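Given the structure of chain A, go ahead and fit chain B onto it with the hints provided.
Number of protein chains: 2
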Amino acid sequence: MNDILANDFGIARELSVVEDTLRRSVRSESPLLTEIAMHVIEAGGKRIRPAICILAFRAVGGRDEKLRAAIDAAVAVELIHSATLIHDDITDEGETRRGRVTAYRKYGVHNALVAGDFLFVQGFKYGQFLHPDSIRIAAEAYERLAEGEMLQEQWKNSVSVPEEEYLKIISGKTASVFSASAQLGAFHGGGTDDEIFMLGEYGTNIGIAFQIVDDVLDIISDEHEIGKSVGNDLKEGNMTLPLIYAMQDGVDRELLAQIISRKNKPPELIRSAMEMVRKSSGVRRSIERAQYFVRKAKEDIEPLRQSVYKEQLMRLADSVATRKY
Amino acid sequence: MNDILANDFGIARELSVVEDTLRRSVRSESPLLTEIAMHVIEAGGKRIRPAICILAFRAVGGRDEKLRAAIDAAVAVELIHSATLIHDDITDEGETRRGRVTAYRKYGVHNALVAGDFLFVQGFKYGQFLHPDSIRIAAEAYERLAEGEMLQEQWKNSVSVPEEEYLKIISGKTASVFSASAQLGAFHGGGTDDEIFMLGEYGTNIGIAFQIVDDVLDIISDEHEIGKSVGNDLKEGNMTLPLIYAMQDGVDRELLAQIISRKNKPPELIRSAMEMVRKSSGVRRSIERAQYFVRKAKEDIEPLRQSVYKEQLMRLADSVATRKY
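Same order as they appear, the protein sequences are chains A and B.
Residue numbers for the first sequence follow numbering that gives the first Met the number 0, beginning at 0 and rising by one.
Residue numbers for the second sequence follow numbering that gives the first Met the number 0, beginning at 0 and rising by one.
Same shape as in the complex, but just chain A (with noise of 0.2 angstroms):
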């Protein structure tokens, strides 16, 4: 997986606890139960939402002793991630997340569907632990990721997607959650309305952008290289902004459309598919689209004052658009 925060945006310390706290919150008397959780936690990545929400907690000049509380936010947005990844993967039909085979392959579809309801539970008591308003936005933001999957769904095998819907799902199913863990950030770290607004809005911009990126590496990435099977929404029937591009371009329309609408495609259809796409300007117009994501975001926050954090959080957003490219 790309390296997004190989750097670790000055927060090192902050992430270490994030890390501690979400390993002691999956501990369950059940020796099979907690191993599938670690499974997923360890795949877990770089932690770019918690790092979002620190670093947005720092750059409104949140103080060592409210930390605790965006933590906490933090670890609880993870934990409910982890969840949904389990049983996206069950749906998907993914083989492997971050280099190692998904949950559901390896424990089977029982047990990674359980597993999954027991990380929503660690997440639900964790609660204990947070503001009213913490559980709210955090909440409200998983909503929105349900509604964004559901979208998805009715869209499946469509050719026609339009492009102001791929986006509205996308927002949903992504972007919602980066931006409640900037809004939770600045909301604990004592921001103002305006400040946890903006940062709200800088969390959606790089959400979006983290997706269509997501999206194009599942059409250009070399399989082994990204440690996850590619080709997957094209095998999945979801139409993707590389593929609503690549549609409007000198491709085969009708060929690659066939291929899309396809419930069942064999692997040499998705591969030809995918080669229509690379050779599109589906790709490049992607990759523009989400710096044009990115740009929103850094502007989004350029009226915050002046520190490092602010810095780190226009560097982060700048590395959601260039891993692997």
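Rather than coming from a laboratory, the hints here were simulated on the basis of the structure.
Keep in mind it's a predicted model, so treat the numbers as computed, not measured.
Be careful, since some hints might not be right.
Said to hold, decoys possible - Straight-line alpha carbon distances no greater than 27 angstroms define the calculated DSSO-like cross-link-like pairs of lysine-lysine that follow: (1) B:Lys155 <-> B:Lys297; (2) A:Lys297 <-> A:Lys278; (3) A:Lys155 <-> A:Lys262; (4) A:Lys65 <-> A:Lys167; (5) B:Lys105 <-> B:Lys45; (6) B:Lys297 <-> B:Lys234; (7) A:Lys295 <-> A:Lys167; (8) A:Lys167 <-> B:Lys105; (9) A:Lys262 <-> B:Lys105; (10) B:Lys234 <-> B:Lys155; (11) A:Lys105 <-> B:Lys264; (12) B:Lys45 <-> B:Lys264; (13) B:Lys155 <-> A:Lys105; (14) A:Lys65 <-> A:Lys105; (15) A:Lys234 <-> B:Lys105; (16) B:Lys234 <-> B:Lys264; (17) B:Lys45 <-> B:Lys262; (18) A:Lys65 <-> A:Lys297; (19) B:Lys295 <-> A:Lys105; (20) A:Lys264 <-> B:Lys155; (21) A:Lys278 <-> A:Lys155; (22) A:Lys234 <-> A:Lys278; (23) B:Lys167 <-> A:Lys105; (24) A:Lys155 <-> B:Lys105; (25) A:Lys278 <-> A:Lys105; (26) A:Lys105 <-> B:Lys234; (27) A:Lys309 <-> A:Lys297; (28) A:Lys45 <-> A:Lys105; (29) A:Lys234 <-> A:Lys105; (30) A:Lys295 <-> A:Lys309.
Just chain B now, kept in the frame of chain A:
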């Protein structure tokens, strides 16, 4: 389904507030998400868990000004309960629940799984209204539930499940949430530590009785009459109490063991296994065992001061053991 709460136990007003709150809690911008959540909420049966919560609240002398907190706790418990029902049906491949086709059959696995997650999130969101201790009590019960599910899975297709292990499984997957419901009611009603403890024990014991009766019904019921498919435990390879007892009995153990341990069981084999269990002493002995736990539950709350609500808790315990036979 058995009309376990055909009588409303003198708390009709409180239960109708639970009902309204539940329905309000599953509103979403995705009409389909609301529809699936409502599909499950409406098939939610007799609200035995909220009823236990409210009766426990009243039985320790809880007054109207604290009622809202108890109802909120009951709603959170019921939202998460509904989430687990949707997910259970997916892994158990249940076809009907309370006379309705299951959510995943009607809406597909993806949508049902997401709707379950959405209900978890609504439970989490509801945490903003809860006392931190309420969150902890409810969450720990659902942790036990997940652990019970895992334990059951580990014994799948095994004929040698000891009775104590079966009791451990159902204590986790069913009784823990009954116990939490009672504890939450007693806690918010201002009960003493002793009262909270004894009501927790009461909940555990009627939860165990409730699950044993469920497992008996899965063997002896008529599918159309109880509104859900029968023989599921056999089909799924879950060793329940009537099966454990049947194996100790005059039935053809070898043949029954062969059927139970088969991974794929054709319907005619399931029917003949059900017939064997019905002819054994397994059903009668299981019912006696359920009655034993009902008696224990009633003894648990004997020390409570006399009140109409204590009497109702006694009646509720009795009705758990007497549904449908």
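Right, here's what the structure says about each hint:
{"no.": "1", "hint": "B:Lys155 <-> B:Lys297", "verdict": "violated (33 angstroms)"}
{"no.": "2", "hint": "A:Lys297 <-> A:Lys278", "verdict": "violated (31 angstroms)"}
{"no.": "3", "hint": "A:Lys155 <-> A:Lys262", "verdict": "holds (9 angstroms)"}
{"no.": "4", "hint": "A:Lys65 <-> A:Lys167", "verdict": "violated (34 angstroms)"}
{"no.": "5", "hint": "B:Lys105 <-> B:Lys45", "verdict": "holds (22 angstroms)"}
{"no.": "6", "hint": "B:Lys297 <-> B:Lys234", "verdict": "violated (34 angstroms)"}
{"no.": "7", "hint": "A:Lys295 <-> A:Lys167", "verdict": "holds (17 angstroms)"}
{"no.": "8", "hint": "A:Lys167 <-> B:Lys105", "verdict": "holds (26 angstroms)"}
{"no.": "9", "hint": "A:Lys262 <-> B:Lys105", "verdict": "holds (19 angstroms)"}
{"no.": "10", "hint": "B:Lys234 <-> B:Lys155", "verdict": "holds (10 angstroms)"}
{"no.": "11", "hint": "A:Lys105 <-> B:Lys264", "verdict": "holds (25 angstroms)"}
{"no.": "12", "hint": "B:Lys45 <-> B:Lys264", "verdict": "violated (32 angstroms)"}
{"no.": "13", "hint": "B:Lys155 <-> A:Lys105", "verdict": "holds (17 angstroms)"}
{"no.": "14", "hint": "A:Lys65 <-> A:Lys105", "verdict": "violated (40 angstroms)"}
{"no.": "15", "hint": "A:Lys234 <-> B:Lys105", "verdict": "holds (23 angstroms)"}
{"no.": "16", "hint": "B:Lys234 <-> B:Lys264", "verdict": "holds (6 angstroms)"}
{"no.": "17", "hint": "B:Lys45 <-> B:Lys262", "verdict": "violated (34 angstroms)"}
{"no.": "18", "hint": "A:Lys65 <-> A:Lys297", "verdict": "holds (26 angstroms)"}
{"no.": "19", "hint": "B:Lys295 <-> A:Lys105", "verdict": "violated (42 angstroms)"}
{"no.": "20", "hint": "A:Lys264 <-> B:Lys155", "verdict": "violated (34 angstroms)"}
{"no.": "21", "hint": "A:Lys278 <-> A:Lys155", "verdict": "holds (24 angstroms)"}
{"no.": "22", "hint": "A:Lys234 <-> A:Lys278", "verdict": "holds (19 angstroms)"}
{"no.": "23", "hint": "B:Lys167 <-> A:Lys105", "verdict": "holds (26 angstroms)"}
{"no.": "24", "hint": "A:Lys155 <-> B:Lys105", "verdict": "holds (17 angstroms)"}
{"no.": "25", "hint": "A:Lys278 <-> A:Lys105", "verdict": "violated (36 angstroms)"}
{"no.": "26", "hint": "A:Lys105 <-> B:Lys234", "verdict": "holds (23 angstroms)"}
{"no.": "27", "hint": "A:Lys309 <-> A:Lys297", "verdict": "holds (10 angstroms)"}
{"no.": "28", "hint": "A:Lys45 <-> A:Lys105", "verdict": "holds (22 angstroms)"}
{"no.": "29", "hint": "A:Lys234 <-> A:Lys105", "verdict": "holds (21 angstroms)"}
{"no.": "30", "hint": "A:Lys295 <-> A:Lys309", "verdict": "holds (15 angstroms)"}
Of the hints listed earlier, those the structure fails to meet are numbers 1, 2, 4, 6, 12, 14, 17, 19, 20 and 25, in rising order.
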